[in-house]
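**Student:** As given, the protein sequences belong to chains A and B, one line each in that order. In terms of this note's numbering, the first sequence opens at residue 787 and continues consecutively. In terms of this note's numbering, the second sequence opens at residue 169 and continues consecutively.
So these bits of chain A aren't anywhere near chain B, every CB distance computed over 10 Å:
1) 814
2) 857
3) 912
4) 917
5) 977
6) 1005
Calculated cross-link-like contacts (lysine-lysine; reagent style DSSO-like; alpha-carbon spacing at most 30 Å):
7) 374/B <-> 971/A
8) 367/B <-> 420/B
9) 971/A <-> 404/B
10) 928/A <-> 374/B
What the hints contain is simulated information worked out from the structure, not anything from laboratory work. Only a predicted model underlies this, so the values are computations on that prediction, with no experimental measurement involved. For every residue, glycine included, the Cβ atom is placed at its ideal position computed from N, Cα and C.
Chain by chain, the residues run as shown.
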Amino acid sequence: MIVADRKSLEEILEMVADCKKILIVGCKGCVTVCNVGGIKEVEILSSSLEIARKKAGNDIEIEMKTLERQCDNEYIEQLSETVNDYDAVVSMACGVGPQFLSEMYRDQKFFPALNTTFFGGATEHGVWEERCAGCGTCIIHKYDGLCPIARCAKSLLHGPCGGSSNSVCEISKDTECVWDLIVRKKMEQGRLEDLFIVNDFKDWRSARDGGPRRSIREELVQGNI
Amino acid sequence: MSELKSGSNLEKVLNAGYFAFTGECGPPKGANVEHLTEKFKFLKGNVDAVNITDNQTAVVRMSSLAASALLVQEGMEANFQMVCRDRNRLAMMADILGAHALGIRNMLCLSGDHQTFGNHPEAKNVHDIDSMQLIRLVKTMREGKFMNGDDIDVPPKMFIGAACNPFADPYEYRVYRLANKIEAGADFIQTQCIFNMEKFRDFMKKVVDMGLHEKCYILAGVTPMKNAGMANFMSKFVPGMDIPDDLIKRLKSVDKRDQSEEGIKFALEQIEEFKEMEGVAGVHLMAIEWEHKVPEIAERAKVLPRPQM
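Construct the entire structure; sequences and hints are all you get.
**Tutor:** Structure, rendered in structure tokens:
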């Protein structure tokens, strides 16, 4: 899923400093699962903003709404009748949400309440880790299901580099060396020779380097499914 | 290993069977050419080639390409270091061609320290290709082709170097990664600074058992310690360093003002052992910000005069 962190209250307060009435829009997708942009978090942000503004002697009126998803116009449309009743709208979706909102409602201002961080999952309660870089050409089968593009600090296709020490990456003692994991897994499985090759140069056109990406499924476009 | 691939001085020295002796020089944090050429003087005539580091430890300095060219202008031989952190494939190929045009004939292909260690940790890194692929790229270009298969008009004939750190983990894999670099096209290897001699002996035995020393020249990395404090610091804060407690104890056992001499003595003992060690074709001396000690170390290591090829 897409993982995000909430921006600081100070930053959000600064964004809405000139506003008297705002709408906070949550999302029931990924950001609900990673506990940062669902119904509960919308309520917490709303209360926090109200208290801070009250304390500053500058009350703010806040309404809340949480959509099924903010990456789908079908749900974005649900705001059509009320969206212009506010001075601004704060989105608690990933970076996709405020853009879908902005594109549909051209007269309104939208602010992102989250910093979208990565594609990953929860490794323990309250901890999420990156697993995918969305490079558009998956090669994890070559590395026994472990992605060096997303998880090696240098995206090495032939690691581990000289900074791998006791299974830890040189950049931080909290960062696992994914190449250590790859090598050990290959050793356990007796398939170390899989790594004794020089891989082709990666074609980054399928990644963000090739420009903004689009995915078209003809059968859906034509309405056959 | 008889037909010359690049015709560099380093290649000729190694090809003729001499025990190679290379040095290193970090470009200045500024455009101070005078300071750089001052440092070159300590290396001239005392080493076969000088590694010019490429934004080492991710700290911005004069470009390794420019500093290598300045070295060549001084009548010396450069080993132009290139890291994958700061350049994409277009910039790499352009700089490889430019380097050759400026008289540079050796290259060392590296991944590069992560930018979080340096003085611009906010930077975006590149890592379009990795060091293994950079080795392959330089070889491909030497054979007259760009990465896309197009022909190169006057191919850049480089003597291709790569690094090897036998002290990083997982240790069991290190010799295979070295083999992979040789397979990719490395002509010579310069190892990370060696302090743990016992582990390096074991590593070289594995190298020799696999016959890798017959496919590639291996230069053992030596860094003389200035004092016990430096040893302590490197042990604790420099990733991939293996500094045995015995060495730190040895440095501490002498008076503070004699510690640098003790560090040099240890380096000289290492060089003596490397001269005899099977599979080791030379020494790469990394006298970090201690270039002025190189003439003395070379003299006492009995590696002078350097062969005139």
